[in-house]
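A.B. asks: Model the placement of chain B on the given structure of chain A, informed by the hints.
As given, the protein sequences belong to chains A and B, one line each in that order. If you number the first sequence the way the working numbering does, the last residue is 410 and the count never jumps. If you number the second sequence the way the working numbering does, the last residue is 506 and the count never jumps.
Read the hints as simulated data drawn from the structure, not as lab findings. Treat the numbers as computed from the prediction; the structure is a model and nothing was measured.
27 angstroms max Cα-Cα, derived DSSO-like pairs, lysine-lysine:
1) A:Lys305 <-> B:Lys377
2) A:Lys250 <-> A:Lys274
3) A:Lys305 <-> B:Lys209
4) A:Lys249 <-> B:Lys423
5) B:Lys377 <-> B:Lys423
6) B:Lys203 <-> A:Lys240
7) B:Lys402 <-> A:Lys280
8) B:Lys351 <-> A:Lys71
9) A:Lys18 <-> A:Lys320
Computed footprint of chain A on chain B; a stretch qualifies when at least three of its residues, placed anywhere within it, have a C-beta under 8 angstroms from a C-beta of chain A:
10) 186-199
11) 206-214
12) 381-391
13) 394-400
We put the CB at the ideal spot given by N, CA and C, even for glycine.
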Amino acid sequence: MSDYDPGQLPDLLPIYYKRLFPFELFCKWLDYGGVKNGYFRNREFSFTLPEDIVVRYQSFISASEFEEEIKRRCPHKIDIGAVFNTSPKSYRHVTLLVPEEKELVLDIDMTDYDEVRTCCQGADVCARCWRFMAIAVQVLDQALRDDFGWLHLLWVFSGRRGVHCWVCDASARQMDQKQRSAVAEYLQVVVGGESQGKKVNLPGDRRAVEIIETQFETLVEEQDFFGSETKVQSLLAAVKDEGLCNEIKKALDKCPATSKHRWKEVVAVIAYQKSRGQLKWRTKNIKEELILQYAYPRLDINVSKGLNHLLKAPFCVHPKTGKICIPFNPKVVNNFSLTAVPTISSLINEIQEYDEKQDSVLNSEARQKMKDYKKTSMNKNITVFSEFLRKLEDTWRGKMIEISDEKMEF
Amino acid sequence: MDFRRQQRRVIKSEPDKYAELYPHDLQLYKIPPDGIISLDEFQDFAYERLQVLRIIEMVNIREKGSKDGLEELRRSVLSELKKFPELKSYAKLICATGCNSSEADVALRRRDHISHFILRLAHCRTEDLRRWFINREMELFRLRWFSLSNEGKKKFLQINGLDYKPISDAERLQLTGASRGMVSSNYEYYQVPFIEVIDLVRKRNVFLKGGYAFITSNDFISVIIYVYRAFLAHELVVTCRKLPQIEAMDERVFRDLNHLPKSYTGKDFTVVDDKAHVPIESLDSLSKTSYPMCMQHMHNTLRKEHHLRHGGRQLYGLFLKAIGVTLDDALRFWREEFTQKPEIDHDKFDKQYAYNIRHNYGKEGKRANYTPHSCMKIITESLGTQDQHGCPFKHWDANKLKSSLLQQNIQQIDVQEIMDLVKDGHYQLACTKHFEAKHNGVAPDGGVNHPNQYFEQSQAVLRGKQDNIKKETPRVKPVAKASTSVKKKKVDEDVWDDADFDNIEF
Chain A
1 MSDYDPGQLP
11 DLLPIYYKRL
21 FPFELFCKWL
31 DYGGVKNGYF
41 RNREFSFTLP
51 EDIVVRYQSF
61 ISASEFEEEI
71 KRRCPHKIDI
81 GAVFNTSPKS
91 YRHVTLLVPE
101 EKELVLDIDM
111 TDYDEVRTCC
121 QGADVCARCW
131 RFMAIAVQVL
141 DQALRDDFGW
151 LHLLWVFSGR
161 RGVHCWVCDA
171 SARQMDQKQR
181 SAVAEYLQVV
191 VGGESQGKKV
201 NLPGDRRAVE
211 IIETQFETLV
221 EEQDFFGSET
231 KVQSLLAAVK
241 DEGLCNEIKK
251 ALDKCPATSK
261 HRWKEVVAVI
271 AYQKSRGQLK
281 WRTKNIKEEL
291 ILQYAYPRLD
301 INVSKGLNHL
311 LKAPFCVHPK
321 TGKICIPFNP
331 KVVNNFSLTA
341 VPTISSLINE
351 IQEYDEKQDS
361 VLNSEARQKM
371 KDYKKTSMNK
381 NITVFSEFLR
391 KLEDTWRGKM
401 IEISDEKMEF
Chain B
1 MDFRRQQRRV
11 IKSEPDKYAE
21 LYPHDLQLYK
31 IPPDGIISLD
41 EFQDFAYERL
51 QVLRIIEMVN
61 IREKGSKDGL
71 EELRRSVLSE
81 LKKFPELKSY
91 AKLICATGCN
101 SSEADVALRR
111 RDHISHFILR
121 LAHCRTEDLR
131 RWFINREMEL
141 FRLRWFSLSN
151 EGKKKFLQIN
161 GLDYKPISDA
171 ERLQLTGASR
181 GMVSSNYEYY
191 QVPFIEVIDL
201 VRKRNVFLKG
211 GYAFITSNDF
221 ISVIIYVYRA
231 FLAHELVVTC
241 RKLPQIEAMD
251 ERVFRDLNHL
261 PKSYTGKDFT
271 VVDDKAHVPI
281 ESLDSLSKTS
291 YPMCMQHMHN
301 TLRKEHHLRH
311 GGRQLYGLFL
321 KAIGVTLDDA
331 LRFWREEFTQ
341 KPEIDHDKFD
351 KQYAYNIRHN
361 YGKEGKRANY
371 TPHSCMKIIT
381 ESLGTQDQHG
391 CPFKHWDANK
401 LKSSLLQQNI
411 QQIDVQEIMD
421 LVKDGHYQLA
431 CTKHFEAKHN
441 GVAPDGGVNH
451 PNQYFEQSQA
461 VLRGKQDNIK
471 KETPRVKPVA
481 KASTSVKKKK
491 VDEDVWDDAD
501 FDNIEF
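Okay, chain A solo, but in the shape it has when bound:
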């Protein structure tokens, strides 16, 4: 993997947009088969240009205009906003510009785990803290599908330390602010600010407990959740119940001071108290509540609530890391490797290497016909994206038939 240097970005971006960015698929996605008039045309895009200049309310008449503009301006970042009642670019100063639809988006950022993760803080991420992300993806993917019945979920790596999910079903896109915030709060099981010790109160998400439980012990060890006195204190604050805390304290005094042993001990104390019928109504789910508090997805729900909230588009390049915001398959999120995420420089090298190797075999004409991304490791992410699109296409194919049936045009 070649090293990325942020200073090169202005030189690399034009090549990336020219040769690699999947414009065709991207615009096909946002057009949603043209079922609704103006869905692409009235969509807000926002560009971040060099020097962190943000231009909002960009919109484009067609996919080709979009492509041209991007290639011309080479934005460091592209954000996708809502679909408005009219073209945001021409009517941005008109008060009647109202956001009408947008995908429901979820944003999980590693910094929201700073309270529980111990391997890194802030902007840093490593393979160990990625386990939190993997759990988050599994839990949320299942909740969105099973509970809400949504099928068209696009999971995207956010470029540095988190993931985004775009829920693209029509029923999700049509939700208003109130409905979005209800869904977001439903998915937010860990609540309460800095000054509150216990942050989960069941009946929460029992299915999530089942998903997390299988990996929880590994997580406890990797993260060293209870390795120090202060960490034990925050564990006790999360237990909250005084009687139970005392029992746990007693047991912990006697056991080896590692996270693994301590957690085993806590589980044992809870099980013992339960078997004796000593758990009160408020502590009867305490084990599950602890598991959720330490590992349940922590959403930035404000991103999901707003109909008008911007979110970085898939296939953007993260300016600091050079990593591509690649779509991935949530089913194999456990295999997702942060270090294997392609960077803009690695991709461009891959094209060159490929071309050089093939020079001897193929003539240049045949080579040119081949899409550049196919020569790179991003190819498999594009496959994920087109697979997602293929399923989405079925929905609008059905819709178009319905519409033409209504009009009696054949």
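C.D. replies: This is chain B only, laid out in the frame that chain A set:
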């Protein structure tokens, strides 16, 4: 709403027709009223209902977060209503059980019907008014639904075409397993799209599968509220559009109507008095003497950490604006703190944070002058796991709250009282008690319902002391007190000038 109908002659003999029109104590106000009423009646109807809505709002704020349910809420509302003899009919409506239709009942229902429509006219002009009106009407509706007998509820659902069919036993059995116990086999369940019961979804109080929620008959109110809310919101917008036409017909009606909502809404603290200019150098001392705890905590956290998360910046920033910190001072204040963090330099501050501060002062974006958050908003907000803001009485662990109170030199006995209030979920009363403890027992007028109100009243009390004026009561502005003492006379003396209405958006 069509007022032309008022002038039409009524053909059918009235009592018969009304009995048919109003078969139930509760209604969804789908059709505008028909018939003739006098202008006096028209106004009386409007004032009465408005007063009822204000009372419900006030009680709701007072009891917000308290664990006692609707029963307690209803009792409080009724005891407030009793203070006003003219509102007896509404007390009766709120207690009504369903479809026993005496002549008096029918007359009441008609009054309910007409007054609802008059207030629609008065509250359709702006988004804020509409939202206020819808929320109050929902609260009123919820209370009244709660009073209905089982028979009454059933009848209501029938009349309004909301009678759902329960799912089959086999389906229910299957769900009992899948829901891990959330669907019990003891009740009948009904399947509705989840967006119709979002208040249950929000709290995870319902089992969801494939986009459908499975509810019991106890949850029907959520569905009805959803349907009613959507309907009312739509109708208000439609009314607003038709307003110019209706207005042109009889301006007498609108002369008072336009003043109606404005004259009773509590102060929203958006507008800062010109006189009040608070230098940022005084914030440290003010935070000790006159800040409510939520703001004290914001101030101390900012001084200590040199940073606040987004929610905290919004909360504290708007509070500062409303106590009289100028934009320039605010920028300086935040910059001085934030840039003490190694990773934030002046450039980064200007890029990342300054915009939001100017935005709050209405200098960026849509240039709205934002209102500081009220207690209700702060208390009901759901916090992210690392958020520092919020209502200390609601969002803090008991231990932390207690030690913080003791640090402020509040008497042990007062601390205990505050902790007891918190335990029962009376966060605003706890804050009121905090005020009393810090101001030698002087109580804030009308209880604490806004951090800025806390501040203003605290300042008033302290100023009173300084001036050495021996007054029994401190010089405080009658904030939010208007809610209960609605008097018609007040409107006539109302000082809102016409200029205010030029700014109303349509």
